[in-house]
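There are 2 protein chains.
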Amino acid sequence: MNNGQQASVDQLVATAATAANAWAGASRADRARVLDSVADALDAAADQLIPLAEKESHLPLARLQGELKRTTFQIRLLGSAVADGGYLDVRVDRPDPDWPMGAPRPDLRRTAIPLGPVVVFAASNFPFAFSVAGGDTAAALAAGCPVLVKAHGGHPELSDATAEIVTAALQQAGAPDGLFGMVHSEEDGRALLTHPDVKAGAFTGSIPAGRALFDIAQSRPEPIPFFGELGSTNPVVVTRGAAAKRADEIVEGFVGSFTMGAGQFCTKPGIFAVPAESKMVELIRAASFPDAAPMLNERIASGHERVRTQLKDIDGVDVVAEHAEAASDSTAPLLLQTTGENFINKVDEVAVECFGPTALVVTYRDDQEALAIADALEGQLTATIMGEDDDDLVPELATTLARKAGRVLWNQWPTGVSVTYAQQHGGPYPASTAAGTSSVGTAAITRFTRPVAWQGFPEHLLPEELRDHSTAATPRTVDGRLGGDPQ
Amino acid sequence: MNNGQQASVDQLVATAATAANAWAGASRADRARVLDSVADALDAAADQLIPLAEKESHLPLARLQGELKRTTFQIRLLGSAVADGGYLDVRVDRPDPDWPMGAPRPDLRRTAIPLGPVVVFAASNFPFAFSVAGGDTAAALAAGCPVLVKAHGGHPELSDATAEIVTAALQQAGAPDGLFGMVHSEEDGRALLTHPDVKAGAFTGSIPAGRALFDIAQSRPEPIPFFGELGSTNPVVVTRGAAAKRADEIVEGFVGSFTMGAGQFCTKPGIFAVPAESKMVELIRAASFPDAAPMLNERIASGHERVRTQLKDIDGVDVVAEHAEAASDSTAPLLLQTTGENFINKVDEVAVECFGPTALVVTYRDDQEALAIADALEGQLTATIMGEDDDDLVPELATTLARKAGRVLWNQWPTGVSVTYAQQHGGPYPASTAAGTSSVGTAAITRFTRPVAWQGFPEHLLPEELRDHSTAATPRTVDGRLGGDPQ
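Keeping their order, the protein sequence lines are chains A and B.
Using the working numbering, read the first sequence as starting at 7 and increasing by one per residue.
Using the working numbering, read the second sequence as starting at 7 and increasing by one per residue.
No wet-lab data here; the hints were simulated from the structure.
Don't be surprised by glycine CBs; every beta carbon is placed ideally from N, CA and C.
The reader is advised that the hints may include incorrect statements.
Claimed, not checked - Taking lysine to aspartate or glutamate and the EDC-like style, the derived pairs with C-alpha atoms no more than 16 Å apart in a straight line are:
#1 A/K318 to A/E328
#2 A/K75 to B/D104
#3 B/K75 to A/D104
Stated by the list, open to error - Quick list of simulated restraints, FRET-style, between CB atoms:
#4 A/S191 to B/P103: 26 to 32 Å
#5 A/R100 to B/D254: 27 to 33 Å
#6 A/A109 to B/K352: 32 to 38 Å
#7 A/V325 to B/A215: 51 to 57 Å
#8 A/A109 to B/S191: 55 to 61 Å
Bound-form chain A, shown alone (with noise of 0.2 Å):
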């Protein structure tokens, strides 16, 4: 990095490190109007925003559509969270000169302050929803963090546009300067990262560069939380029961997720667990694939071109189904198969992400194999059941796929990450580097707080949701108990 460029990292976070004290002051009232704003932007901004995201994504213009509303409605939404409170933990014990611990309790009040700057690496599959201003951006911005992203290389003129539309609705609003910038190149990302006043980081994409930003923010002189969303194979596993009343249905679901986007979206079903003894290898032989996709960028197609092949020449993987011969500039579907055991003895190499319309058939012999299967798997974001209420095998597959997924799911499509209160996106690692957060959803904003306790203050010093009668309404418990006044 030469002086100039370490000179515009310094001043950016300067700045922003200014605008974080601004920012936390704000009521969360406040800070939700300006989100609003935000999105509001962005939506009156659809069409110049589309046709950039269509030429840098090769995304369809519906894909396109659809991605920046479900963007400006999950800004919205973090908004009204944190105008509601309840992310804070707010917590009231009031004093007790007969705690039974041995000494008398204080007055302790406990709420959560945002944490200051906070880094986020974009993704290049949802140029909108997990980008400028995608899901990272809004939660850090509705958790009082000012924010300083970096730019995903696939993007680069959208990249620009998000960043000034954002820029100029921001400072409309009110909002203090400094609170949102960006950087294009990885060393300018490295740099922020490493910035002593830059507190915490996020990130969605690969294992491997996830991995190594991790690294980087947690050998920091002051380790940061970094909140990387990394890789999985999203299994699903069909039991014997729904393979035998719905396998027409269960395949052609299928084949639809795992090829959605050209496969390219984090919670793409990549691995397939069959009954060995059922009609659904057969079916996926037969099934019709959708044609052959252009892939986000060269990077990424070349990528799983090699992960594909990889998986190709293992021992006892089978190509089960390929489409066609595809343009030199789109990537056909693949099928891949094994056995059950063939999967257990190479989990590790046979059990990897493959980022595009690639996934694994594997069969299993019995139930026990089923849960074997299941059992060897590392962390994922999400594990699915197709299953059939009185399956036996049902109640134990379920109790260990949530032992490796953030979410399970029974019956439905793991593709499609419903943006609400009670979604759950992260898992175990690699899914996730911190699987006790979430990326997605309200829960979301709590990544970027930490919890303090004021202890003996008086009521006008405390934060307005700690006051005996605080205006604020926001829900917390008193004594352990949830609602109420304090006195």
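Since chain A is already given, all that's left is putting chain B on it; use the hints.
Then chain B, alone, in the frame of chain A:
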């Protein structure tokens, strides 16, 4: 590590991993009952345990009696919090075909599950409350995780006796075999921390030891959460108003707090900022100090002596008050002094934890310098204001200190950490390696869980607390709002 040692660690983890599934599957009421049994057994063994603690820790009898009471109270309180279930942060989203995101909202229900086996590194300064059956052990067991303790070398006999009582109580209460285990050597501790089936670590101790373990946990092929509570200087700022009105009382309180337990509290106030133009320094010089006292062990005594000597050697740091010569096995309190300017300029050298009865008085010229001192601090467990309601300095000082610490106090001393619902013990690094979490109080449980969302599952396959008409009466939000049945 020889093969025999590795085999015994492997065996310990293997039985813990088996116990993990059974314990995670136990009802929360059952887990609370088992924890109560452990607390009862420890209380019943007081006559055996306390003499061992006296012999090995050199702490006074009354202190140890109080600490054991605190420890068993803590175990019961965490059990009751688990039975209550608020720590699960249960969220239920009903299906909504018109969800404004642009796609129907599925039925999504989120609760938390235990992480799996946890390694707990015991501390020396609280041989009960932060050791074998201390807060981390209680929180992990309460959360549903097996615990493998690395005993502290400072009290091996007490550790063995405690472990024996805990193991017997767990067995008698019907807990799964292997739910609790213990090792003594550092090598075994590290082997546990790197074992693939261990899913989290917890630690209370020094910055170098904690950082080394944190680095090991983060550089595993599968990084795991590491909840380290490391070091803190616990600054106290006395405002000009308070110095003018209550100088005697404040000096007396400060001396009591920084010398309590021979200064071996993680919340010992090590920095005492006072107005230069006040009689505080004079009063400190004339204050009567408690007698020299033996420290926990030779390693801590020599570590304290080393840091104390380093501090004395810094230009501009003077001895302000020193107790008379102590016997060779005891350590006398010591107060050092420097100016605000010197403190700010040399903050990295001067503002270091000195674990023992040593503290640094910092004189500030004006309110602006007091704020600059606060702003120069690194992460803290606690920060305290001794102030008056009408001090101009207070609002900005309180905000600045909240940005630095996990707990801020008003006219109370930080030593003495109450075990409650709203307690927050942990702050920005180096106070903690996980500032978003607390190692004391009911919030400590959540550390050892991670959220999982169930999508589209039928009632009978859901965890009890997620069902429509749950009998568990667990606090929850439905569609983002607190309370109520989903239907």
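Outcome of the hint check:
no. : hint                         : result
1   : A/K318 to A/E328             : 12 Å, holds
2   : A/K75 to B/D104              : 14 Å, holds
3   : B/K75 to A/D104              : 14 Å, holds
4   : A/S191 to B/P103: 26 to 32 Å : 44 Å, violated
5   : A/R100 to B/D254: 27 to 33 Å : 30 Å, holds
6   : A/A109 to B/K352: 32 to 38 Å : 37 Å, holds
7   : A/V325 to B/A215: 51 to 57 Å : 53 Å, holds
8   : A/A109 to B/S191: 55 to 61 Å : 35 Å, violated
Against the hints set out earlier in the document, violations occur for numbers 4, 8.
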